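What follows is each chain in one-letter form.
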Amino acid sequence: MDFQSKMMLIEIARRQYITFENEFREYLATGNSFNGAYNHFTLDDIEAHKEKSDLYNQLLAWEIKHASTRDSSPIRLTTHSIVKNLEKLDGELS
Amino acid sequence: MLKHHICHIHCLDHPSVFKVVSYASKYRALFNGVKIATLVKVTPEADIYDRVYSILTKLGYEVITVQNYSLREAGHFFNVSLPLLLEKTSEGLLYYSHSKGTLYHPDSEDGKATSLWTDVLYHYTLDQVSKFPFEDKRYKTFGSCIIKSKNFLKPFTLGEEYSYLGTFFWIRIEDLKNKEFTPEASVFYLEALPGLVSKVTQAYNLGPIFYKLESPYKLESWQKKGIEYGFPIKNDVN
Numbered sequence: 013m014d015f016q017s018k019m020m021l022i023e024i025a026r027r028q029y030i031t032f033e034n035e036f037r038e039y040l041a042t043g044n045s046f047n048g049a050y051n052h053f054t055l056d057d058i059e060a061h062k063e064k065s066d067l068y069n070q071l072l073a074w075e076i077k078h079a080s081t082r083d084s085s086p087i088r089l090t091t092h093s094i095v096k097n098l099e100k101l102d103g104e105l106s
Numbered sequence: 289m290l291k292h293h294i295c296h297i298h299c300l301d302h303p304s305v306f307k308v309v310s311y312a313s314k315y316r317a318l319f320n321g322v323k324i325a326t327l328v329k330v331t332p333e334a335d336i337y338d339r340v341y342s343i344l345t346k347l348g349y350e351v352i353t354v355q356n357y358s359l360r361e362a363g364h365f366f367n368v369s370l371p372l373l374l375e376k377t378s379e380g381l382l383y384y385s386h387s388k389g390t391l392y393h394p395d396s397e398d399g400k401a402t403s404l405w406t407d408v409l410y411h412y413t414l415d416q417v418s419k420f421p422f423e424d425k426r427y428k429t430f431g432s433c434i435i436k437s438k439n440f441l442k443p444f445t446l447g448e449e450y451s452y453l454g455t456f457f458w459i460r461i462e463d464l465k466n467k468e469f470t471p472e473a474s475v476f477y478l479e480a481l482p483g484l485v486s487k488v489t490q491a492y493n494l495g496p497i498f499y500k501l502e503s504p505y506k507l508e509s510w511q512k513k514g515i516e517y518g519f520p521i522k523n524d525v526n
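Protein chains in written order, with our numbering: chain S, 13 to 106; chain Y, 289 to 526.
Note that these hints are calculated values from the structure, not bench results. Any given hint could turn out to be false.
[To be verified] Chain S is faced by these chain Y residues, among others (derived, beta-carbon under 7 Å):
1) D301
2) P303
3) R339
4) S342
5) I343
6) T345
7) G348
8) F366
9) H393
10) K400
[What the hints assert, rightly or not] Each computed PhoX-like pair below joins lysine-lysine, with the alpha-carbon atoms no more than 25 Å apart:
11) Y/K400 with Y/K425
12) Y/K467 with Y/K376
13) S/K100 with Y/K314
14) Y/K428 with Y/K467
15) Y/K467 with Y/K329
16) Y/K314 with Y/K400
17) Y/K314 with Y/K467
18) Y/K291 with Y/K400
19) Y/K400 with S/K96
20) Y/K487 with Y/K428
21) Y/K465 with S/K100
22) Y/K419 with Y/K487
23) S/K18 with S/K62
24) Y/K376 with Y/K425
25) Y/K329 with S/K96
26) Y/K428 with Y/K400
27) Y/K465 with S/K96
28) Y/K465 with Y/K291
29) S/K100 with Y/K428
30) Y/K314 with Y/K291
31) S/K64 with Y/K400
32) Y/K329 with Y/K346
33) Y/K376 with Y/K400
34) S/K96 with Y/K314
35) Y/K400 with Y/K465
36) Y/K346 with Y/K467
37) Y/K400 with S/K62
This one's a predicted model, so the numbers in the text were calculated from it and none came from an experiment. Think of the CB as a built atom: it goes at the ideal place given N, C-alpha and C, for glycine as much as any other residue.
Using the sequences plus the hints, can you model the full thing?
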């Protein structure tokens, strides 16, 4: 992949993934140039941030929602859902 | 000796909710008295409520659906479950517990700290329940993690400077009878309950004492204390 294409992908990823954007800014803050950052970050880095960013957004949404109310929670947990555990325990007691 | 259980659950799809019902199931033989549960039904997660309701009903709990309101757990306990308990019995021991940490996402730092905090308290109040000298009348309350902290503990005590941090404790029914409680005095009134009915010398502590805990929401504090006291950090419930 040529440098121009990689640079475009990185710029798109910076807008898409907040955790990647934060890491990119931190890299610049240590005195590196933009060109240095475009060279430094890889496509694998971007890929890794897809999952990190999803988790970050989930945490952020949870905190925003729960900071104001405890009565409703439209944000369903996927990684820690207790549905199967409850179903299993309920079944065992039948 | 009769052992009663009152629990309060905020029915969200959250690991702390499963902890309450799984411990209620695990120790169903221990609780040989009155069993009462107050449930807050959260509309978007009504399926969780239905499942929790089903499990607790099968375990012999009288389940009461309550609205969430400003007095939180204290309001549900003092206005709903405690009067009902005292109608049915006048002797024995009461164990109180509630789902703790539903405010926090399990992956957040606060969520992890609260989860470990809950595990520690269940471990020292139920897994090791045989170590409590319940027959010894010198003691009015039994629990874990009595703390003394000038800053943090104030809202939880309203008097004696101690508390069973996290509202997992045993208390004698005779000390709850014929006593006036004013839960509107503080949203932490339930946390203060042990300190309202007994002096610190009448409280039996089992487990670590968090004298210098600045805040319970620090995972590092719990891990450090847990390791120091040999607490099995790995949670076998979730």
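Against the structure, the hints come out as follows:
At about 5 Å, the closest approach between the beta carbon of Y/D301 and any beta carbon in chain S falls short of 7 Å, and the interface hint on this residue holds. Because the smallest distance between the Cβ of Y/P303 and any Cβ of chain S comes to about 5 Å, under 7 Å, the interface hint for this residue holds. Nearest Cβ of chain S to the Cβ of Y/R339: about 4 Å, under the 7 Å cut. The hint holds. Hint on Y/S342 holds. Least Cβ distance to chain S is approximately 5 Å, under the 7 Å limit.
Interface restraint check: Y/I343 against chain S, minimum CB-CB distance 5 Å, threshold 7 Å, status holds. A hinted interface residue such as Y/T345 counts as satisfied when its beta carbon comes closer than 7 Å to some beta carbon of chain S; here the least separation is about 9 Å, so the hint is violated. For Y/G348, the suggested interface contact is broken, since its CB lies about 10 Å from the closest CB of chain S, more than 7 Å. This hint is violated: Y/F366 has a C-beta 19 Å from the nearest C-beta of chain S, more than the 7 Å allowed.
At a threshold of 7 Å, the smallest CB-CB gap from Y/H393 to chain S is about 4 Å, leaving the interface hint in force. At about 11 Å, the closest approach between the beta carbon of Y/K400 and any beta carbon in chain S exceeds 7 Å, and the interface hint on this residue is violated. For the given pair, Y/K400 sits about 37 Å from Y/K425 by alpha-carbon distance, which is inconsistent with the 25 Å threshold. Distance check on the hinted pair: Y/K467 and Y/K376 sit about 17 Å apart at the alpha-carbon level, within 25 Å; holds.
For a cut-off of 25 Å, the pair hint linking S/K100 to Y/K314 stands: about 14 Å separates their Cα positions. Taking the CA atoms of Y/K428 and Y/K467, the gap is near 14 Å; set against the 25 Å cutoff, the hint holds. A C-alpha spacing of about 30 Å is found between Y/K467 and Y/K329, which places the hinted pair above 25 Å, so the restraint is violated. For the hint linking Y/K314 to Y/K400, the alpha-carbon distance of about 23 Å falls within 25 Å, and the restraint holds.
The hinted pair formed by Y/K314 and Y/K467 fails the criterion: a straight-line CA distance of about 32 Å is larger than 25 Å. A C-alpha spacing of about 30 Å is found between Y/K291 and Y/K400, which places the hinted pair above 25 Å, so the restraint is violated. A distance of roughly 21 Å separates the Cα atoms of Y/K400 and S/K96; the hinted pair therefore holds under the 25 Å criterion. Among the hinted pairs, Y/K487 with Y/K428 is consistent with the structure: their alpha-carbon atoms are about 9 Å apart, no more than 25 Å.
The straight-line distance between the Cα atoms of Y/K465 and S/K100 is roughly 39 Å, outside the 25 Å bound, and the hint therefore fails. With a C-alpha separation of about 21 Å, the suggested pair Y/K419 and Y/K487 falls inside the 25 Å cut-off, and the hint holds. Proximity of S/K18 to S/K62 is assessed by CA-CA distance (about 17 Å); at most 25 Å being required, the pair is judged to hold. The suggested pairing of Y/K376 with Y/K425 holds, with an alpha-carbon distance near 23 Å, which does not exceed 25 Å.
Under the criterion of a C-alpha separation no larger than 25 Å, the hint pairing Y/K329 with S/K96 is consistent with the structure, at around 19 Å. Proposed proximity of Y/K428 and Y/K400 is contradicted: the alpha carbons are some 32 Å apart, above 25 Å. Pair hint Y/K465 plus S/K96 does not hold up; C-alpha atoms about 40 Å apart against a cutoff of 25 Å. With a C-alpha separation of about 16 Å, the suggested pairing of Y/K465 with Y/K291 holds against the 25 Å cut-off.
Straight-line distance between C-alpha atoms of S/K100 and Y/K428 comes to about 37 Å, which puts the hinted pair past the 25 Å bound. This hinted pair checks out: Y/K314 and Y/K291 have alpha carbons roughly 15 Å apart, not beyond 25 Å. With a CA separation close to 18 Å, the supplied pair S/K64 and Y/K400 stays within the 25 Å bound. Under the criterion of a C-alpha separation no larger than 25 Å, the hint pairing Y/K329 with Y/K346 is consistent with the structure, at around 18 Å.
For the given pair, Y/K376 sits about 38 Å from Y/K400 by alpha-carbon distance, which is inconsistent with the 25 Å threshold. A distance of roughly 17 Å separates the Cα atoms of S/K96 and Y/K314; the hinted pair therefore holds under the 25 Å criterion. For a cut-off of 25 Å, the pair hint linking Y/K400 to Y/K465 is broken: about 37 Å separates their Cα positions. Restraint check: the Cα-Cα separation between Y/K346 and Y/K467 comes to about 32 Å, which exceeds 25 Å; the hinted pair is violated.
With a CA separation close to 23 Å, the supplied pair Y/K400 and S/K62 stays within the 25 Å bound.
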